[in-house]
Every structure is written in C-alpha cells, then in structure tokens.
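Undergrad: Those sequence lines, one after another, are chains B and C.
Residue numbers are given in numbering that gives the first Met the number 0: position 530 of the first sequence equals residue 529, and the series is strictly consecutive.
Residue numbers are given in numbering that gives the first Met the number 0: position 13 of the second sequence equals residue 12, and the series is strictly consecutive.
Worth double-checking, as some hints may not be accurate.
Because identical chains cannot be distinguished in the list, a pair is counted as satisfied if it fits within a single copy or across any two copies.
[Claimed, not checked] Pairs of lysine to aspartate or glutamate residues, derived as DMTMM-like cross-links and limited to a Cα-Cα distance of at most 25 Å, are as follows:
#: 1; residue 1: Lys-254; residue 2: Glu-222
#: 2; residue 1: Lys-254; residue 2: Glu-188
#: 3; residue 1: Lys-392; residue 2: Glu-138
#: 4; residue 1: Lys-154; residue 2: Asp-520
#: 5; residue 1: Lys-151; residue 2: Asp-304
#: 6; residue 1: Lys-341; residue 2: Asp-107
#: 7; residue 1: Lys-344; residue 2: Glu-17
I should point out that these hints are in silico values taken from the structure, not numbers from a laboratory.
Protein chains: 2
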Amino acid sequence: MSRVEIFDSTLRDGAQAEGISFSVEDKLKVVKAMDEMGIEYIEAGNPGSNPKDLEFFKEVKQIQLNHSKLTAFGSTRRRNIKVTDDANVQSLLEADTQGVAIFGKSWDFHVTDIIQTTLDENLNMIKETVAFFKEKGKEVFFDAEHFFDGFKSNKEYALASLKAAKEGGADCLVLCDTNGGTMPLEVYEMTKEVAKVLPEIKVGIHAHNDSGMAVANSIMAVEAGARHVQGTYIGFGERCGNANLSTIIANLQLKKGYDCIPEEYMEHLTSTAMLIAEIANITLSEKEPFVGRSAFTHKGGMHIDGVNKASHSFEHINPEIVGNARRFLMSEVAGRSTIMKKIHKIAPEITKESDEAKQIVDRLKELEHEGYQFEGAESTFELIIRKQLGKYKSFFELENFKIIGEQPAKDSIFSSYAMVKVNVDGTEELTAAEGDGPVHALDSALRKALEVFYPSLQEVHLTDYKVRVLDSKSATAAKVRVLITSSDGKDIWSTVGVSSDIIEASLIALIDSIEVKLLRDLENKIKAYI
Amino acid sequence: MSRVEIFDSTLRDGAQAEGISFSVEDKLKVVKAMDEMGIEYIEAGNPGSNPKDLEFFKEVKQIQLNHSKLTAFGSTRRRNIKVTDDANVQSLLEADTQGVAIFGKSWDFHVTDIIQTTLDENLNMIKETVAFFKEKGKEVFFDAEHFFDGFKSNKEYALASLKAAKEGGADCLVLCDTNGGTMPLEVYEMTKEVAKVLPEIKVGIHAHNDSGMAVANSIMAVEAGARHVQGTYIGFGERCGNANLSTIIANLQLKKGYDCIPEEYMEHLTSTAMLIAEIANITLSEKEPFVGRSAFTHKGGMHIDGVNKASHSFEHINPEIVGNARRFLMSEVAGRSTIMKKIHKIAPEITKESDEAKQIVDRLKELEHEGYQFEGAESTFELIIRKQLGKYKSFFELENFKIIGEQPAKDSIFSSYAMVKVNVDGTEELTAAEGDGPVHALDSALRKALEVFYPSLQEVHLTDYKVRVLDSKSATAAKVRVLITSSDGKDIWSTVGVSSDIIEASLIALIDSIEVKLLRDLENKIKAYI
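Next comes chain B alone, as it looks inside the complex:
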C-alpha cells in the first residue's frame, strides 16, 4: 500500500480557532493522543511568535513518543537580514524538534504588497532558511503559503518559490490553500502540474475550509500525487477551520487504500475525536463524518429496514471499523423490530409477540404522544424498559422540593433557591442550594443531598442541556422537552424529560441521569464480583 504521511497541526493552526486555548497540560494530552493514534508528525507550536510555545517544547521532551515526530512552525527569515540574525529562526532552533515547517510566500502579490520586498529576495529568504535548518539536521517542510492563489496570479513565480525550497534541500513541499478559497478541480490540476514539474520531491497539501472543501481538496491533492497531508484532528482552526484529519484518514485508508496510520488503530478514530473535543472544550458535531454521534444513525423506516437486511445498503462503511456505532432512532417511523433489539440487550428471552413486549411498545407510544422523543436519549429508554419489566429499583426517592425565585425590588438582582428532601432506604436528607436560575439551583441541591449517600456522583457533570418547546403555539404554557447529557469522564449518557413545566421536565431528566450513573456503578460492581 502506498503511504500518505499525516501531519497534525491541532496545537498550532488549531489553536488559531476562535474560542480555543490550550494549557500546557492540554497540549501534552493532545501530543499523547496523536502518538497513540500513530500520527506521523505533530506540529506542536510556533515558538517564534509565542514564547509560551518554547516552554512547552522543553516540557514535551519528557514524553516518550512511539510513533510521532515533533515539529515546530515558523517563518522564513525576514527580508534583508542574515538567517542567523533572525530571532524567529533562533527560536525555532531552540524548540529542538526533529522537524520544522517553514512557511514562505509563493503569491507574488503577497511578496510585493504584504511583506513588501522584491521577488528575488523572497526566493533567497526561502532557500537560505530551508538550507539553514537542513544543515542543522532537521527534516524540513516548506509550507508554500497561498500556493494556489499564487499559481493563478503568477504560475512561474509560485513554482519558483517551490524550486527555491527544493534547492535549499527541503524534504517536502507543502501546497497551502491559506485562504481556503480554491475549488477541488483546481487543486487537482495544479497539484498534478507541481508533481510533473518537480517529480523527485515529496509534495504535501495544507487546506482550509472556507469553501467547505478542505477535506475534498486534501483528497484531490493525493489523487494528483501528494503524499503528505496537513490538517487538525477534528478540523478546528482559524475561520472555518483546517482540513479534518479524522475524515481524511478514514477516506484515504478505507476508501482509497492508502496507508496513513497503523491498521489496528483505526478503531480508535472515534474515541480519539471525542477526547480531542473534550481537551479543547468544544462540542464535537453530531454529524461529523465517521466519528460523529449521528454518523451511523438511521431515522427513516425504509433505511432501517434496508440496514437490517444488509448494512451496506444504507451505510458507506461498517461503523465498527472506526469505533463508532450504528443507532436506530426511536421515532414513530421505526417499527417494533428496532425496539426489540433494545429490549434484547436487557432481557434476551422476551419475544416479539409476548405481553411484555406489547406493554413496552404501548408505554413508549403513550410517552411519544406526550411529547417524548427517545432519539439521543437511549438511557431514559433503557430505564423505561427496565421499569416495565420490573427489573429496576430506584436508588432514591425525591420526597418533596420547593423553588423560590425573586427580584425583591426594581433593578435588584434576581435570585433562585431550591430546597429538596431525598430519601435513601429510609434515611432522609434535606438540603438547599442557590443557582443561576431555578433548574441550576434544583440540580445543585439534588446532587448535594445525594452525594451524602453516593459519593461517586461527584464524578458526574452535565455536558449538555437542551430545551425544545413543543407545540410552540401555546407559547409559555406549551410543553417543553429537556434533553440532558451527562458524563463521568468514562461514559456519556443522555436522558429526557417532558412536561408543560420546564422545572419538572428538567427534574425528570436529572433524576434519570443520576439513576443511570448509579445503575452503571452497580453493574460494574456485579461484573467485578462475577
């Protein structure tokens, strides 16, 4: 199999995304995660523009890497000075990484109008900077900034910038679509021409997503001969983001037969995406190709039937290959066979025609009629099945509660308080808490009371809270559906509540969320015992 090198820039170009800022610990976690996925190069910072990155490069040496080589990112020397006099070049050297990515101008307009030097001097800057790092024994990637725009503006010059890097001794010429505006067929044709003009040197691609083409442009460059792909693992980066490597790896390895990462790591593609999102503190889009929660989720009845007959009828790959899972949504459209699959996970002995199955289906219909929707709330679904089958005992009772919200005078601050009394096996606990709004106050009070009995609840935090107003015609008296997603750092689960009262709907979902955690803990204890 032909090899395509993967070069992850989550820590450099990814850190340019709005809302992203990594601590040193975060960065070390990302480096480990990329190494464990078998990613070949990790671009970990820009030491010239950011002194903190230099500190990080010292720290990262503590980590033993099994697969990845670290690289640092920086510019060619500035105009009209010696390479050795350039502070940025010195910082890059100090980073002491195996590889360096040097970006330089390949668009004539940028040379004359943005950095304001001559076309010849820019070529010298490229060649001398690359040569300097080659002499120091580095693997050198030349990032040809705005290559495709440059090619359209002045093809000879864009190619000359690549040739300068090659003459300097560069190991790889990386064609950058810096503004992200290039169309796939253009990338294909221009990359083909580069591969033709410069056949003896490795060509790479660095794409941005401003036209929604970053993944496609990367693949098109590979089709045209590129063998090195830069991006960020889950695609975040400045503006619309960088090329999403999790999508690219899956496409290249599963669809086009290239060798990007060790075959046995493919099944970690999804969990690593979740981990990177967790570290970056962003929500991974549910519809992310291959790794998103909905990527293999079927709603239409016909599609569900088809997948049950032959999974490839409505799935482009088997989700297990990338460590993801198939899900059938519990909508009105989905028939009883979908529900039976879920029942069988809890009680394999129940048949489709049994009274139990019928009762569960009736109960689900009743709840759906009330406004429940079990899409993305499998845990509530599981609890309902267990309760119907008598395979469930609640871990606590909520005896009573009261919420007070008040703004005592004009322009004073609105405050919310909650009091709850819970009962665990006959022992009562009364607590109160304050919060941002009534739901938050109630959540805080409930956890506070229950942690007395179940300390493991301290691990749980809510990762998502969604409110949907049903039948919004009846406005503030309308029913609301609250969907809560919780995590204890290992598992993620979702629960749902419906009521005409947002407090009650939230409470139903909160209680279920806690019950699920306690149920999982119990199951794990039993497993350990058996």
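With the hints as your guide, set chain C onto chain B.
TA: Just chain C now, kept in the frame of chain B:
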C-alpha cells in the same frame, strides 16, 4: 451566465436529521424563507410515508410564492402492481404540487436484495411511474438512488435506470450518492459519463456528507455537466447531513460564475442560514463556510495585519457579499452599514459617522457579546435603537416579582405561582397568578396587572416561545436565549431576552413584547390624529 437550479430539501431530507422535527408553522416559515432567497424548488414533504405532510401541502397553498416551485417526494410504484393502484403514488398526486421527485433504484443489488424484484420490473416501475406523473402535467425529477454505488457495481444497469426515467419523460435525472461514500473524482468521472451517454437531458446531483464530501461532490458534478443541485439550506439531514446549499450557492455563484439565485439576494445568505437554524432549533456551527459567525474572524496578528493591508490577502471573498461580517478577535470592527439601514427607519437624519450611530453600534456589540442575536427579533432591535436615541419612554415599570414552585409531597403535583407589582405613571398594581411552570405564571400575572391600565393587551397572545441554550457545555448554569413571537391578530412581532436564568431571559422578552404592542397602539393613534 450558465444556470444551475437549486432544489432545497430542508423540509424532506432535512427532517430526517436526528433531533429535527418541524411543526406546520415551522414548515411554512421555511417555505417563505426559501422563496425569499429565490430558491427554485422546495421539496416540502413525503406525503406517502407521512400523512401529516399531506395536511401541510393543503395549508401551504395559502402562501403566495414569488420564486419557488413546490415539489413532493415519493417512491416509484411498488413491484407487480399498476401505478394507479399504488397508495403512495396517489398521495403524491393528492399533494398537488407543481413538481414531483420520484426515487427509484439504480443499484442492481438493491433491486434484487432489498426490494426483491427483477431488474426488468424495476425499470418498468421507474418508467411507468415517471410517465404517470408526466401525463398529469408535473415537472418530474428522477432521483436515481445509490447511483454511484450502482455505477460501480453494474454500470450498464445504473445507466439503464436513467434511460428508463428518460423514456418515461423525466425532466431531470438526479444522481444520488445516497450513502455519501463516493469520492469527488469518482463523482466527476461518472457524472461526465452520464452527460456523455445522455446528452439531451438535464442532470442533477444529490449528495450526502458521510465522507465529508457533499459540497465538493456537488461542485464536481456541476464541473462535469450537472445543472441541478439538491441539498438542504444549512446541510442538516440524516446521519452526517445533506449537501449544504448555502455553501454550494456561494461557491457556484461567486467562484464559478454560475447563476443560482438572483444576485441581489446573495447578501441574505447569512441571515437566512441563521433563520433556518432558529426555526429548526439547532445551533449553526460558528465555522460554517460563508455564513458562520467565525467564517471571517481573524485571530492571528499577521492575518489581521494582512487583511488591513488588503482584505483579499487572507479572505477568499468579501464577507459583505454574503451578508456576513469580518471580525478581528483583538479589536472588533463590525459591519456598520447593515445597522445604519435599521437606524434610518427610525431616525433618517443620523449619519454613519455620528456619535449616536457609534453608541448604538457599541451597545449592540455589547449585547451580542452577552449572547443576544437579533435575527428574527427585529422588535427588540428597534427598542434598543429607540432607547439609545432617547426616542422611547417605557409604558410601565416592573417594581418587583416573586416566583414560587413547589411539590409539597412525593407524587403530588408541582405548582407554580407568580406575584408581580407594576407601576404605571405612579399608580401601583399588585397581582398574583398561577401557571404551567414559572414562566407561564409570570406571563399571566404580568398581563393581568397591566390590562388594568392597557385593555388592548387582551388582544395579545404569544404565538411562539423558543428557548436556546447558549454554550451548552456549562449545562444548567449556561446562558439561555428566549425568543418570543407575539400577535394581536393584525401584527406579528418577535422579541428576545438573554440571561443565565431562563426566568429572567423570558421576562426580558415578555416585557419587550408588551412594550412593542403599546408602542404600535400609540403610533396608530398618532397616525389617526395627523
């Protein structure tokens, strides 16, 4: 300029997305929004599989459309029956739309193994169903399901399915990448071959995003000769979603010079994307190409310098063309001209350079930073401008309020009460009300108190109440944005409130809603007097 038809399936394929469910009102809003964007075709439902869609097709006839043609979606007739005996075909006819999209099998494996009929019978099913609808005077799109997989499996048969549709009289052959697994170069080559084999008929593309290629595949098909593109306006759909039309329209029209929508509507591309997200109650990704909040947001100092020197140095297009705005994360500079348009409705004399304009812009930025969004909340926007200009006097003051919610014992019913004290020109009124939940109780109490002074408030009712959790990571302590739509039977207006407390956010929007009604009453009185 060559024309490419845009066909929006937000209401059909988009409704297959996890978590999406549209009310009839939502659907009517989407139809209006697409018509106002100049989208040529709106696929509004699947009447055969969903009886509710049939009701909707009756309702939608009330709406006067200026640009769009409505289409309904359904299958070819079932095997071994007459077209006229097929219930699905009958429902499709009953929908009474100008166009119909008929999907049929073009992958031999699906014919034999999924719908389990003969290859010949499938071709008859296609041809006869298309012919039936042509006889009824419809514009017929043949959606060749799994066309690209079919082409790879049995090219002759895949092409035969297209020929059958053409023989039936189809107006357009839509090549569907139903599983979303096809790579861009494959789409390009196969579409080229279709255009070569069937040169006299319009070819379309319907792409799914399972490989992250839906947008690129749509563009590649157009490069290969397709002139009809199906997708959903902001890309949601089953699994990883459909081709994102907002991205495709921008790419085709701005980059490739095709004519998709009237030129003058391009500047509404972004606001329409926000509107559709709002109706669907989903969060528009900040990094969405062209229309996302971060799409033209610059963080790197070098990029900001570059953009200040020449905007095209680090931007592939000018954001104003698509109604978006450039943002610099360090020093924000907003698109003031959009705001000026709104200011001029209230105070035509104010110039762009005036202090008043500057203060309004600053205030809006402050509110946006807090999480406000004025798309679809024009009335709040108007009140803010009036307040800043001193052209506003509140009709009442809310002196104080208190909310109590309690469930006094286990299994007893949860009840909500609100007390409010208002002050109108020095006269106080204290009232209490009960409600379904705290917001409803507060709304009822507030109206009850104010109707004493302003009887016309009895005409007002809320027609919509939407809650959006912002930054859902911080879960129940996250900020919420509440959008309220009100009507007095003549006018409809929307207001918005943001707070970390859902009660407070609702209250802000409720108060504004009442103020707008009283302002309109006053304006009408003045008009009658003059």
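Undergrad: If the cut is 25 Å between Cα atoms, do Lys-254 and Glu-222 qualify within a copy, between copies, both or neither?
TA: Answer is both: 12 Å inside a copy and 22 Å across each meet the 25 Å cutoff.
Undergrad: Which holds for Lys-154 with Asp-520 at a C-alpha limit of 25 Å: within a copy, between copies, both or neither?
TA: neither (64 Å within a copy, 54 Å between copies)
Undergrad: Under a CA distance limit of 25 Å, which applies to Lys-254 and Glu-188: within one copy, between copies, both, or neither?
TA: Cα proximity of Lys-254 and Glu-188: in one copy and across copies (21 Å, 16 Å).
Undergrad: How would you label the pair Lys-151, Asp-304 (within, between, both, or neither) given a Cα cut-off of 25 Å?
TA: between (49 Å within a copy, 23 Å between copies)
Undergrad: Using 25 Å as the alpha carbon limit, work out where Lys-341 and Asp-107 are close: within a copy, between copies, both or neither.
TA: Answer is neither; intra-copy 57 Å and inter-copy 32 Å both fail.
Undergrad: If the cutoff is 25 Å on CA atoms, where do Lys-392 and Glu-138 land: within, between, both or neither? Let me know, please.
TA: For Lys-392 and Glu-138, the Cα distance exceeds 25 Å both inside one copy (56 Å) and across copies (59 Å).
Undergrad: First find the shortest C-alpha distance between Lys-344 and Glu-17 inside one copy, then the shortest across copies, and answer within, between, both or neither for a cut-off of 25 Å.
TA: Only across copies: Lys-344 and Glu-17 sit 23 Å apart there, 41 Å inside one copy, limit 25 Å.
Checked against the numbered hints given earlier, the structure breaks hints 3, 4 and 6 and satisfies all the rest.
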